[in-house]
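Novice: Sequence:
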Amino acid sequence: MPGCFTNLFNKLFHRGTCGPSKHVSGTSKNDAVGPRVLHDGTVGTSAGVDVVFIHGLRGSRVHTWSDGEYFWPKDFLSEDLDNARIITWGYDVNIANHFSYASRESIRGHAETLLHDLYRIRRLITRPIIFVCHSLGGLVCKEALIIAAAYDKHQRHSNLAATYPNTRGVIFLGTPHRGSGAVALGQVLSRIAFFHRPNTQLLQSLQVDSHTLERQREEFITISASLSIVCVREEIPTSIGIIVSEESASYDGFDVRRGAIPADHINMVKFKSKGHIGYERVLSWIQEMQS
Numbered sequence: 039m040p041g042c043f044t045n046l047f048n049k050l051f052h053r054g055t056c057g058p059s060k061h062v063s064g065t066s067k068n069d070a071v072g073p074r075v076l077h078d079g080t081v082g083t084s085a086g087v088d089v090v091f092i093h094g095l096r097g098s099r100v101h102t103w104s105d106g107e108y109f110w111p112k113d114f115l116s117e118d119l120d121n122a123r124i125i126t127w128g129y130d131v132n133i134a135n136h137f138s139y140a141s142r143e144s145i146r147g148h149a150e151t152l153l154h155d156l157y158r159i160r161r162l163i164t165r166p167i168i169f170v171c172h173s174l175g176g177l178v179c180k181e182a183l184i185i186a187a188a189y190d191k192h193q194r195h196s197n198l199a200a201t202y203p204n205t206r207g208v209i210f211l212g213t214p215h216r217g218s219g220a221v222a223l224g225q226v227l228s229r230i231a232f233f234h235r236p237n238t239q240l241l242q243s244l245q246v247d248s249h250t251l252e253r254q255r256e257e258f259i260t261i262s263a264s265l266s267i268v269c270v271r272e273e274i275p276t277s278i279g280i281i282v283s284e285e286s287a288s289y290d291g292f293d294v295r296r297g298a299i300p301a302d303h304i305n306m307v308k309f310k311s312k313g314h315i316g317y318e319r320v321l322s323w324i325q326e327m328q329s
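If you're matching positions, the sequence shown starts at 39 in our numbering and goes up one per residue.
Calculated directly from the structure, the hints in this document are not laboratory data.
Note that beta-carbon positions come from the ideal geometry of N, C-alpha and C, so glycine has one too.
Hints are not guaranteed to be accurate.
As the list claims (entries may be wrong) - So the derived label-pair ranges between C-beta atoms look like this: (1) Thr164 - Ile278: 43 to 51 angstroms; (2) Ser322 - Ser196: 27 to 35 angstroms; (3) Gln193 - Arg296: 20 to 28 angstroms.
All chains should be built: construct the whole structure from the sequences, respecting the hints.
Specialist: Laid out in structure tokens, this is it:
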């Protein structure tokens, strides 16, 4: 791959060479998979809320949410949310593995792992959950809630099913929910994945399986009627344009609100200060769901 494409890919998918600053020091070695509790304001009480962050394709549970200086879920949000346990969750998102076959099969596997991890750290806790998801992390979250809702409906796997009735809301940041105009959802996903390498088989598998992901969208509309949903779009294009269009970044649902952050697809989840309009909006949405 030419150097310019490599640099662009690193920029788009969080694989820069710069190490974390003092604010996120000590995180790189542990920046792996599974849940990591960043702050726990719920110690000694069953009240409060769990706020769970889910990164996207080629992201990580720390660097996706860090601008290199501030890791805002830990540095900012922990100070602004009372009685909140802030959790960031990581999973293996190597594109070559993630989309080797049908994309939803990989997404389903990650979704089931998410449910198991949430049970492991929550056990019998019934406090509300608010998910904050970037890009394809939103598809993993949607799939997890679809699975949990089915378990809840049929009274199976109560330990995993509990995630669904306990979920208060989801904030989707740059998540592709559907195709845009004549562009199928699979093609939207192909655009996100393209800079890993020009792999025709990869792109074809995404497009072929897009009907399955469209069905996921329809199923989620049904099970999310009781949830508070915010769909947030990027307002600034990357050097290759807008990654997830305004049309794709939202969907028609029962309680869906729409918002925007004045940044590109990657930087829409990186905030340099509490005064950043993006942070102020995300904080406001979380607080509204929490109340």
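Novice: Are the hints correct? Go through all of them and say.
Specialist: How the hints compare with the structure:
One distance hint, 43 to 51 angstroms for the beta-carbon pair threonine 164 and isoleucine 278, holds here, with the actual separation near 44 angstroms. One distance hint, 27 to 35 angstroms for the beta-carbon pair serine 322 and serine 196, holds here, with the actual separation near 34 angstroms. Separated by about 35 angstroms at the C-beta atoms, glutamine 193 and arginine 296 break the suggested range of 20 to 28 angstroms.
Of the numbered hints stated above, the single one contradicted by the structure is hint 3.
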